[in-house]
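S.K.: This is what each chain is made of:
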Amino acid sequence: MTIDLNMLEWARAQFAMTALFHFFFVPFTLGMSFLVAFFETIYVKTGKQEWKEITQFWQTLFAINFALGLSTGIIHEFEFGTNWSTYSWVVGDIFGAPLAVEGIIAFFMEATFAAISFFGWKRVSKGVHLASTWLLAIGSNLSALWILIANGFMQHPSNEFLKFDIETSRAVMTDFWKLITQPVAQVKFLHTISAGYTLSSIFVLGISAYYLLRKKHVDFAKKSAAVAAAFGLVSSIFVAVIGDEHAYEVANTQPTKIAAMEGLYVGEKGAPIVAFGIPKDLPALKVNSNDEAFVFKIEIPKLLSILGKRDPDAYVPGLKDLIVGNPEYGIWPLSKLAQIGAEARADLRAYHEAKAKGDKAGMEAAKADFYSVVWSDDKLGLKLTKSDLIGYGFFKNVNNPDLIHPPVPPVFYSFHIMVGLGFWFILLFLASWVAIIKGTFENNRLLQQLAVISVPLPWIATSFGWMTAEIGRQPWTVFGMLPTAESATPIALQNVQATFFMFLTAFVILGIAELKILFTVVKHGPKGAH
Amino acid sequence: MTWAPYTVDATHFYLQVYFWIIVAVLGGLFLFMTFVQGGQTLFHTAKDEMEERAILNSLGRKWELTFTTLVLFGGALYAAFPLFYSISFGGAYWVWMLILFAFVLQAVAYEYMNKPNNVIGKGAYKFFLYFNGVVGMVLLGAAVGTFFTGSNFSYDPVTKVLHWGVAKDGINLRGLEAAIDFKHGAWFNLAMGVLVFAAARILGALWLINDVDNNEFPDLIKRLRGVIKRCFVILLIALAIVLYGWITMKGYAYNIHDPKGIIYREEGKYLHNLLAFGALPLITLLVGLVLYVLGVLKSGFGSSNKGIWFSGLGIVLIGIIVFVIAGLFGTPFYPSYADLQSSLTIQNSSGSKYTLEVMAWVSVAVPFVLGYIIWVWYQMKKAGPITKEEIADPESHAY
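Chain order of the listed sequences is A and B. Counting in the numbering used here, the first sequence tops out at residue 530, every number present. Counting in the numbering used here, the second sequence tops out at residue 1399, every number present.
In short, the hints are calculated from the structure, not lab data. Please note: incorrect hints may appear among the correct ones.
[What the hints assert, rightly or not] Here's a subset of chain B near chain A, in silico, CB distances under 8 Å, partners left out:
1. R1061
2. Y1085
3. G1090
4. L1100
5. V1104
6. A1107
7. N1114
8. N1118
9. I1120
10. T1284
11. V1287
12. G1351
13. Y1354
14. G1371
15. M1380
Here a beta-carbon is modelled for each residue, glycine too, at the ideal position from N, C-alpha and C.
Only chain A is shown next, with the shape it has when bound in the complex:
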């Protein structure tokens, strides 16, 4: 296939832009839907009007955001087809299913109960209304579950739930249950939703602090802050704990990503974590020690081995090892993977040529070789066949091996900024929660100011987290199976550019409108919210 590389970059930029923009709204919906449900539950339990006002105020902010989240979400579903048509065919048999389930199970729940929760305050009973608000929250979070199952497949397309089918030249699903329960998807889901809870808790805490600083709506702000600080504290600690679990999964399924995240060019036993550092963007083969790959760095010894392999002395391969191989630790060189992948592709072609000629024996021979086992581990019960490595067959140019891993600096920085902010959120919530318990939050101007300043930070953290995951996955759309360059729709560059700017314009205008409306509502405060 001939894909215009320039077009490919534009198609990637378009997807990145829509995903990034969409992801401004998603975590907010995930967490805010629950916060609104908490507030309404307190209202229904206590029957106090002030809690109803609190609920309705935050619900107004939720609804403004919800609309844009929904509208940017539909773009993705279609973009898989419009800009990534080859991807959609090659892995659609696996990828399409969770998307459809998401529609049936989650989206209708969201849309249907949103109608009651938003418009039904006087149309249904208190109990039905409260149940609807909860179902809206559950529905939103379920949609995250299904889309992250789909994403988990892209990160780790295990042959436990799929195989590459020689007859139809695409991947087909073999075990749905294993697809949805695979740990990569599950930790991704938990990490993402808890990040969403943290984000929305900071939003509520920050805006409450803003009112306290101005001595406005004091009772409203204190009540809101108390709920947000408690929810935020639990969530932000959970994000870190499950984030560790997530990194463990990445280390064991996507070695190029974990190496790029830590700027690990040369593999080490007892590998450290770089707490702070400025990595250089170097071709991996030219790097002889990890020290020369950094302008400057501060390390925590052995931590990467502990986090990634649960063993302080475990070996973690670097980018260079993943290219040239390291026989001592059983790491194959890229050239070997590319060779096996090329053989798999040759088998595929031979099979279909034989089929066209009606040569049954030729078909069988090609098929047998295609599914022949190239590696197995009886202890772990794992095996790889040639067909599992077919993606590597696209990397013809082993002389430019750096195409096989993601660029180090963007992945490194994204990851470290995300982690740094994550720790800051825990501190902020801890301090706020203690102050609220002691009753000093109301007068602690420093803490209030920190909370206000922190409001945009979780958006930065979630965006960088997403970038770590998705830039870190490059150069694959489906890790080890389908390269990004082989996923795109064959289409002229101008079409992709035109639609890029069409959506960019819409996003900029609607984004500004959203923020202005949001600020106006916040400025008016709870009483003038509607």
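Please build the complex by placing chain B on the supplied structure of chain A, with the hints as guidance.
M.R.: Okay, now just chain B, sitting in the frame of chain A:
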């Protein structure tokens, strides 16, 4: 014609048929829900602020359901017929991108339109809704039209990598040629577009007549009835062209028993499909049409406000039959006039048998989902129509 194929895997085939019927039902339900899009083109019938907000609030409670139905329609096609998803969306790029754009603009318009400081002003958001209601509907209708007239594509028989053909003067219009290439049935596609638009607009007016308090907004109701009458004439003309097309068109066909699935052209194919199975599709279509017209007569020409339920049920039946005759009875549902053998059938474009089986189990949830949607709809409806008091109430989250 026997129904069970004897040369291909029968279970796989039945699953493909089952999912095509699900797609048809979703298509029918979506067409019903386009009363939202149709209603969005009726803001000019409001003569004052209160009437306008009545329309806005009535539609604003339902748009998400239409939107979600479209999303699920896409998701079901992706899961069940991934090759269609790849070829049509990647190929007819501009058609789908513009439809998508129209829906992105719609989604925020309700929430933002009457909020202070909304940057681009109320008029712009109203335009977004109008754009969604006109462009979105015409393009969707025309896109369904190409299910009968065909498209300009081929693909690699092994890798299935797409090639979309150049239609005119060396410019690749990526799907938009369906509206100007009269040699390949643009007249039919356009008629489908107008038909879907007119049908949606009538449904929109019927919905508003039902959902807005008739005593409080008598003039608005009267003007809406006027719209129905005028639009009905356009609908009948477009319908006549579509029916003429189905009867006379040289359709696309293949034999479901043929393991190679060779595609050929067949005179009167869609008429044959209507008459298949003891003319059940034709009878269903006629019942749908009668119900639709009955609704129009009741609420457009008469004084009832229940017309939407008749026309609504009618359009669901019509929608189902459109998809049934496009894809069942050995018909390629996404034919290619550039390369006949590249045409997509439910058999050559579907997911694997395993995936379809899994999805069939998941589809058990559909009646349950439909059940709670209807329950919620009823809960919201039983408190009565939309009144001025509710719109003015600061606690009702009114737009």
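S.K.: Hint by hint, say whether it matches the structure.
M.R.: Structure-based check of each hint:
Because the closest C-beta pair between B:R1061 and chain A is about 5 Å apart, less than 8 Å, the hint holds. Given hint, B:Y1085 at the interface with chain A, holds; its Cβ is 5 Å from that chain's nearest Cβ, closer than 8 Å. Residue-level restraint check for B:G1090 holds (minimum Cβ-Cβ distance to chain A is 3 Å; threshold 8 Å). For B:L1100, the suggested interface contact is upheld, since its CB lies about 5 Å from the closest CB of chain A, less than 8 Å.
A distance limit of 8 Å between C-beta atoms decides the matter here; for B:V1104 the minimum to chain A is near 5 Å, and the interface restraint holds. The restraint placing B:A1107 at the interface with chain A holds, with a minimum CB-CB distance near 3 Å, inside the 8 Å limit. Given the 8 Å rule on beta carbons, the hint for B:N1114 is violated: about 10 Å separates it from the nearest Cβ of chain A. Because the closest C-beta pair between B:N1118 and chain A is about 5 Å apart, less than 8 Å, the hint holds.
Because the closest C-beta pair between B:I1120 and chain A is about 6 Å apart, less than 8 Å, the hint holds. Checking B:T1284 against chain A: minimum C-beta separation of about 25 Å lies over 8 Å; hint violated. For B:V1287, the suggested interface contact is broken, since its CB lies about 27 Å from the closest CB of chain A, more than 8 Å. Proximity of B:G1351 to chain A holds as hinted, the smallest CB-CB distance being about 5 Å (cut-off 8 Å).
Interface restraint check for B:Y1354: the shortest CB-CB distance to chain A comes to about 6 Å, inside 8 Å, so the restraint holds. Hint status for B:G1371 relative to chain A: violated, with the closest Cβ pair at about 11 Å, above 8 Å. Below 8 Å, beta-carbon pairs count as interface contacts, and B:M1380 has one with chain A at about 5 Å; its hint therefore holds.
Hints 7, 10, 11 and 14 from the earlier list are contradicted by this structure; the remaining hints agree with it.
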